[in-house]
Each structure stands twice: as structure tokens, then as C-alpha cells.
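Please build the complete structure, drawing on both the sequences and the hints.
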Amino acid sequence: MREATLKLIQDYYAAFNAGDMARFLDLLTDDVIHDINQGGREVGKEAFAAFMERMNGSYREELEDIEVMVNGDGSRAAAEFVVLGTYLKSDEGLPEARGQQYRLPAGAFFDIRDGKVARISNYYNLEDWIRQVSQAAA
267 MREATLKLIQ DYYAAFNAGD MARFLDLLTD DVIHDINQGG REVGKEAFAA
317 FMERMNGSYR EELEDIEVMV NGDGSRAAAE FVVLGTYLKS DEGLPEARGQ
367 QYRLPAGAFF DIRDGKVARI SNYYNLEDWI RQVSQAAA
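When we follow our numbering, the leftmost residue of the sequence shown carries the number 267, and every step to the right adds one.
Hints should not be assumed to be uniformly reliable.
To be verified - Restricting the straight-line Cα-Cα distance to at most 20 Å, the calculated cross-link-like pairs of lysine to any residue (SDA-like) are:
#1 Lys311 to Asn388
#2 Lys382 to Gln304
#3 Lys382 to Ile299
#4 Lys382 to Ala281
#5 Lys355 to Glu393
#6 Lys311 to Tyr279
#7 Lys273 to Leu293
#8 Lys273 to Tyr368
#9 Lys382 to Leu274
#10 Lys355 to Glu319
#11 Lys311 to Met335
#12 Lys273 to Gly365
#13 Lys311 to Ala281
#14 Lys355 to Tyr368
#15 Lys355 to Gln366
If you are wondering where the hints come from, they were derived from the structure by calculation, not from laboratory data.
Everything numeric in this text was worked out from a predicted model, so none of it was measured.
Here you go:
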């Protein structure tokens, strides 16, 4: 189970980095729980897809230095990584987008059910991101 979960999370991030949203979403349960960094909770693949569409319109991101950790029975996982991004389009309540680049350490926690991601909780330092995009020149 641990190896299957490790591969699932590696595939999840590979699909993200490739911009393959169909594959990315296929790795989720239909009732996936998404805990948004410093935000609310959304439930369901449709809500997650809408979130990703908005994110992909405002940000171009690639993850590097991805380290995945899996618990003993493969039911939970965590990942630590660095987000390399470009702020493309202003997001509501955030600084104006001018093509600023950012580099942001981040992490995520997962629950796994039936070989798919059943919960994803992402964490990063929003104040650090705001500082980076506020100071960056386009």
C-alpha cells in the first residue's frame, strides 16, 4: 500500500507539472475534500476542478524538490516542495498581477481512499508570497 500511495502522489504532482488537468483530476475521488490554504473547505471533484481553472488562469506554477512521505498503511501522505511561479492575472483580494515571479516553499497533506486522493490540504506562507509579488518587478 505504501508504494501505491507514493506512486499516486508522484503521479499527482507529475500531472500538475505537465498541466494535464484531466489526469490530475482523475487521481481524485468524486467526493474529494480540498482544504484551501488559509481559506475554507470545498468538497467534490467539480469544485476542485473550478478552483484549479481559476488558479491556472491567474498563476503559472511548476513544483520542484518534491519529497513525498507516506504512513505505514498508505492511507495518508505528505509532501514538501518548492513552487516556482508567475503571477499572470490579478486574483481577488491580492496584489495586482504584473507577471511577477515567485519562489515559495509549500507542503500538502493527503488522505487516500481506494487508490485515489480523498483529501488534499495545501499549506504555504501567504504573507511571504504577497511580499514577493509586491516587491517584484515585472
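Of the hints given before, which are not true for this structure? Numbers 2, 8, 11 and 12 - these are the hints that the structure violates, sorted from lowest upward.
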